[in-house]
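Starting from the known structure of chain H, fit chain F onto it as the hints suggest.
Protein chains: 2
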Amino acid sequence: MGNEMIPDIVVGRLPLYLRTLQLMSAEGRQVTSSQELGERLGISAAQIRKDLSQFGEFGKQGTGYHIDYLANQIKKILHLNKSWDVVVVGAGDVGHALSRYQGFSNRGFTVSMVFDNDPAKIGQKVGGFIVESIAELPELVEKAQIKVAMLAVPAAQAQQVTDMLVKAGVKAILNYAPINLLVPQDVKVQYIDPVLHLQRMSYYLE
Amino acid sequence: MGNEMIPDIVVGRLPLYLRTLQLMSAEGRQVTSSQELGERLGISAAQIRKDLSQFGEFGKQGTGYHIDYLANQIKKILHLNKSWDVVVVGAGDVGHALSRYQGFSNRGFTVSMVFDNDPAKIGQKVGGFIVESIAELPELVEKAQIKVAMLAVPAAQAQQVTDMLVKAGVKAILNYAPINLLVPQDVKVQYIDPVLHLQRMSYYLE
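From first to last, the protein sequence lines are chains H and F.
Using our numbering, the first residue of the first sequence is number 1, and each one after it goes up by one.
Using our numbering, the first residue of the second sequence is number 1001, and each one after it goes up by one.
Just chain H, with the same shape it has in the complex (with noise of 0.2 Å):
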């Protein structure tokens, strides 16, 4: 498929495209446009036939999109035709609120892990896991051939973790700490710091 050459920020809608057609599907709705996508996502049609077309032929001219089809074909190209275990690593506020968010399981995800380093939560139970001490992670991550991580550690031990994590094996990161990381070329990051989304708004406040 050429996947190499697809820029990421295409790769990037497909999740958005995805969530879209899968709430469509639970409305009940068996068919959609590049117009209706594109109006409920503020995408343009164009842009939406265009990111599409980079994979494949999923609609046909004057009938549209049929929602489930397109939905399990997009699923296939992100590798969601399977589900994932993903680790998360601290156990303060944000890990326990992924380790018992609802919203993996039926996305292509599972929490399968939970690690920190303070001897008091390691053993007490987080979102029905038992917390891991981080002494364990390298040999239980890398038995388990887990790939994906969430990192909620402060910004001062998110690297050194981070260290930990791909020499386990982990390929893909979602950094909740507030601090860039460096990572070798075939490990992926992703960020999720609040703070610059709000900071991106004020700009256009008052």
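These are calculated hints, taken from the structure and not from any lab test.
Computed from a predicted structure; not experimentally measured.
Keep in mind that a hint or two might mislead.
[Stated by the list, open to error] No farther apart than 30 Å at their CA atoms in a straight line, the calculated lysine-lysine pairs in the BS3-like style are these: (1) 82(H) / 171(H); (2) 1125(F) / 121(H); (3) 1050(F) / 125(H); (4) 1188(F) / 1167(F); (5) 188(H) / 50(H); (6) 188(H) / 1050(F); (7) 1167(F) / 125(H); (8) 50(H) / 1188(F); (9) 75(H) / 121(H); (10) 1188(F) / 188(H); (11) 125(H) / 82(H); (12) 1082(F) / 50(H); (13) 121(H) / 1121(F); (14) 1121(F) / 1060(F).
[What the hints assert, rightly or not] What the simulated footprint calls covered on chain H by chain F, stretch by stretch (three residues with Cβ under 8 Å from a Cβ of chain F suffice, anywhere in the stretch; the number is not a length): (15) 6-15; (16) 53-63; (17) 100-107.
All residues carry an ideal CB built from backbone N, CA and C; glycine is no exception.
Below, chain F alone, put in the same frame as chain H:
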């Protein structure tokens, strides 16, 4: 300054520059360069110089940027030379984590109220706040002239709560519900959905 003409994608990088400058300042550093900023952020030095030049002249050829000066200038551009009061709507796990998070106040935002519609939560303490009834939201938000909200309610209720917030005068919404919101043109929305980030990375796995 012709702010209207600066692309939102450029505005969106300023908080990233600010965060990195503040980290450098905390490390005791005084001067940096677009090269160094670029290496820390994975953005080209030319892009950073071009972005900053849209807002003014902040560095001198050969001597680089004074870290605290540039940080302060960016704070002014982003209207962060004051602290913005923020309401949290939804006192579940995410709202709980947001209301307890210590990283807002030194970056321009202060959580000032927490709302929920669950009688079991209203009146309870969450992160130092007494949870208020959502029925009180319109009056309390309008009276306090609050412009910023973080939305952590279920997807099914997100649009309805958004309409309340907009009516009460809120102009910036950080939405944690996994659904796109419809708002008037003068209201900004940013989205946080961890699954979208995970799905963007799973494309590259295997």
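Hint check results:
For the hint pairing residue 82(H) with residue 171(H), the CA-to-CA distance comes to about 16 Å; that is within 30 Å, so the pair holds. Under the criterion of a C-alpha separation no larger than 30 Å, the hint pairing residue 1125(F) with residue 121(H) is consistent with the structure, at around 23 Å. Restraint check for residue 1050(F) and residue 125(H): the C-alpha separation of about 49 Å exceeds 30 Å, so the hint is violated. Of the supplied pair hints, the one linking residue 1188(F) and residue 1167(F) holds, its CA atoms being roughly 14 Å apart against a limit of 30 Å.
A hinted pair counts as satisfied when its Cα atoms are at most 30 Å apart, and residue 188(H) with residue 50(H) qualifies at roughly 25 Å. Distance check on the hinted pair: residue 188(H) and residue 1050(F) sit about 26 Å apart at the alpha-carbon level, within 30 Å; holds. For the hint pairing residue 1167(F) with residue 125(H), the CA-to-CA distance comes to about 42 Å; that exceeds 30 Å, so the pair is violated. At most 30 Å may separate the alpha-carbon atoms for a hinted pair to count; residue 50(H) and residue 1188(F) meet this at roughly 26 Å.
Proximity of residue 75(H) to residue 121(H) is assessed by CA-CA distance (about 36 Å); at most 30 Å being required, the pair is judged violated. A distance of roughly 28 Å separates the Cα atoms of residue 1188(F) and residue 188(H); the hinted pair therefore holds under the 30 Å criterion. Our distance criterion of 30 Å between C-alpha atoms is met by residue 125(H) and residue 82(H), whose separation comes to about 27 Å. Note on residue 1082(F) and residue 50(H): the hinted pairing is violated, with a Cα-Cα distance of about 43 Å set against a maximum of 30 Å.
Taking the CA atoms of residue 121(H) and residue 1121(F), the gap is near 25 Å; set against the 30 Å cutoff, the hint holds. Under the criterion of a C-alpha separation no larger than 30 Å, the hint pairing residue 1121(F) with residue 1060(F) is inconsistent with the structure, at around 55 Å. Residues of the region 6-15 of chain H lying with their CB closer than 8 Å to a CB of chain F number 5, which satisfies the three-residue condition for coverage. Only residues whose C-beta sits within less than 8 Å of a C-beta in chain F count toward coverage, and the region 53-63 of chain H has 0 of them, not enough to reach three; the restraint is violated.
Counting residues of the region 100-107 of chain H whose CB falls under 8 Å from any CB of chain F gives 5; the rule of at least 3 is met.
In summary, the numbered hints that this structure violates are 3, 7, 9, 12, 14, 16.
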